[in-house]
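Participant: As a plain string of letters, each chain reads:
Protein chains: 2
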Amino acid sequence: MDERFSHLYAGRAREIKASIIRELLKMLLNPDIISFAGGWPDVETFPSDEMIEIATDVFRNKAGSAFQYGTSEGLAELREALAARAREREGIKGIDPDNILIASGSQQAMELAGRLLIDAGDVLLVGLPTYFGATGAFKIYRAHLDGVPVDGDGMQMDVLEEKVRHHQAAGRRVKMVYVQTNFHNPMGVTLTLERRKRLLELAETYDFIVMEDNPYGDLRYSGEPIPSLMALDSNDRVIYACSFSKILCPGIRLAWVAGESALIRKMVVTKQFVDLCTNTISQHLLSEFIHRGYLDKRIELNIRHYRAKRDLMLEMLDKYFPSELIWTRPQGGFFIFVTLPEHLDAGALLKEAIGKEVVFVAGQPFFLDGSGRNTMRLSFTGAPADRIEEGIRRLGELIKSKV
Amino acid sequence: MDERFSHLYAGRAREIKASIIRELLKMLLNPDIISFAGGWPDVETFPSDEMIEIATDVFRNKAGSAFQYGTSEGLAELREALAARAREREGIKGIDPDNILIASGSQQAMELAGRLLIDAGDVLLVGLPTYFGATGAFKIYRAHLDGVPVDGDGMQMDVLEEKVRHHQAAGRRVKMVYVQTNFHNPMGVTLTLERRKRLLELAETYDFIVMEDNPYGDLRYSGEPIPSLMALDSNDRVIYACSFSKILCPGIRLAWVAGESALIRKMVVTKQFVDLCTNTISQHLLSEFIHRGYLDKRIELNIRHYRAKRDLMLEMLDKYFPSELIWTRPQGGFFIFVTLPEHLDAGALLKEAIGKEVVFVAGQPFFLDGSGRNTMRLSFTGAPADRIEEGIRRLGELIKSKV
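Residue numbers (my numbering), protein chains in the order written: chain A, 766 to 1168; chain B, 766 to 1168.
These aren't lab readings, by the way, just hints derived from the structure by calculation. As the structure is a computational prediction, the values presented were derived from the model and not from experiment. Please note that a few of the clues may not be correct.
Note that the list lumps identical chains together, so a pair holds whenever it fits in one copy or between two copies.
In the DSSO-like style, the derived pairs of lysine-lysine whose C-alpha atoms are separated by at most 30 Å in a straight line are [stated by the list, open to error]: (1) K1121 / K827; (2) K1074 / K827; (3) K782 / K904.
Bound conformation, chain A alone (with noise of 0.2 Å):
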């Protein structure tokens, strides 16, 4: 490719390369490719008939709020509506309208976060691996980035800690702790209660933001719902994101961000030089989803939905997989994470798995450090329910012989 004018590009340019996953989407547009691989949920769950009814209503009677500019806080109605859910369903005390953004998807909650947050040089802590559209986001920021390890419990506090002090001694400044509360991207796994109030206290103590995202947090298959750092906190530390994306779907591009009242406010003066203001016929849409009783009966559906293909896809793992590896049994979200043994490249195995038309994401680029070159993220979501079984028989296949 020709880049004429990369002369003229800012140096933050070199941060910027292309998502792995963002890119193997194009691949995805081939409809004989089984996909284990973007985040996507599955298109049996999008609400058309409902969408339809809303729409009618929103586009016939409230077009000249729907199709207008609004402000950069978003919709009241909205932030209103979802302020009585985090409290009624969350538990989250005294949250109100004021306490709310609503974002263009949650990786605009984290580039806002980056922005407003972080100078070059800060030291940002993530899980090892991480979610790497969030880390990506904060790059851009010349953060410091150190990873944490992630183990069955989620992020190791007392590493977390060590690594806080070892900061901070050097002289740098920690700003923000990343983190993915519930069914972690890409591991599956969800922070214990107990390290949850660590990590709360660890803020409280090295002053540090704590930056929860929660994208998944109301698909939960199995086990009991544990509450969000949000909820637990009595110090104001958290941001907190949850998206529309995984519960209801992408294409609408909404998130929510909650947080302290002021900080909240900042980060609302800083989304109008990103973007105005948020689609307001998608927040109308939410709107009057969420006013109808749909959602709460879509992320039933949903539940229902996905527990199904989480279970077919953990049997398949059984019956076809080599009894060597091992994965994680995710009690909610998308994702189950292997591990191959040491000697295989999931990266080198995504190339050769791709000539059988089966995908997933490779591990690695999940891991600040490069680590995780034998680990490879499946997600259960996207593929129709009777191709599940097809991919993981041909992944298991492909995998045996190399073990």
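Use these hints to put chain B onto chain A, whose structure you have.
Facilitator: Just chain B now, kept in the frame of chain A:
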């Protein structure tokens, strides 16, 4: 407001100040106010019936795509339609979908251009006055902003060249010139063909990019169209941003950005970590809106509608404003720019006008150098036609009491 966490904010947060216009918007929710403030389209122009028809079809027949994630560059069929329109209606030769990115409004286009091109200290030349949403986006990246006077023929090219030479002689990098070619915000003036050609020569001579922001170009009410910089450019120097906010509706949050294909590709990758992709529901609605021929019809209707409003406001200005004032007579767009006598401060006038329930935007924030205290921007599009006379009468009386 308690700024509890301001010690954790990034340095750039100091550059983030609430947009005066955005803050005014809240006031506009009061229906008694006659507003000439925001650059808002008239709600009467919003195409409710067509959108109900299209949403019903899209949500029924294309749900799997409309509700799903999309590629970061935007919906292929939409980019194809826009490329075809650009070739046919605008005479932009050779433009194809690879030259086009779909953005979440043109504010995002500016943000992405800044993100991709501007290092701290890079010189960015803008009009004096210029749209402050653009300068706000660029300031985040610590651009060295400098203003070039705008007269009735648009930005003054001789001053621009002087400034470029001055900055280059001082060892500074001149990266970009930002210009609104048609019906300039806030002045309503249009850059002449001669100056357009000269600007492109200067870009090639001095090796900079021109960002052509053209949200109003399709809304010409009188006079002859002038080819865009994008159409005139044979050196790929132009990044061209066109919004659907003014010709269709802002709530759909869509704009398109065109440029040299490698630069657009880099911008696409830049966008991945900003918001993954633009709203796919909106993109499908717009794509069908174009394919069904509704956009061209809507533009024609809007031209008739806004021409009448422009003519009405100009008539009322002649009738009610003191004859010592001067104002622009725009051939299109949304704005009339009024220059008050030197001793009058439009900001102070605005405060009194609010008491009389009529608002406008004071001109000074559009001037980088703090000049323009005695100027005001009047938008003739948003207020209902039957309120325009009353609003201008109130303003005229207020001004007459001062001169």
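Participant: For every hint, state whether the structure bears it out.
Facilitator: Each hint tested on the structure:
| no. | hint | result |
| --- | --- | --- |
| 1 | K1121 / K827 | between (50 Å within a copy, 28 Å between copies) |
| 2 | K1074 / K827 | between (39 Å within a copy, 24 Å between copies) |
| 3 | K782 / K904 | both (11 Å within a copy, 24 Å between copies) |
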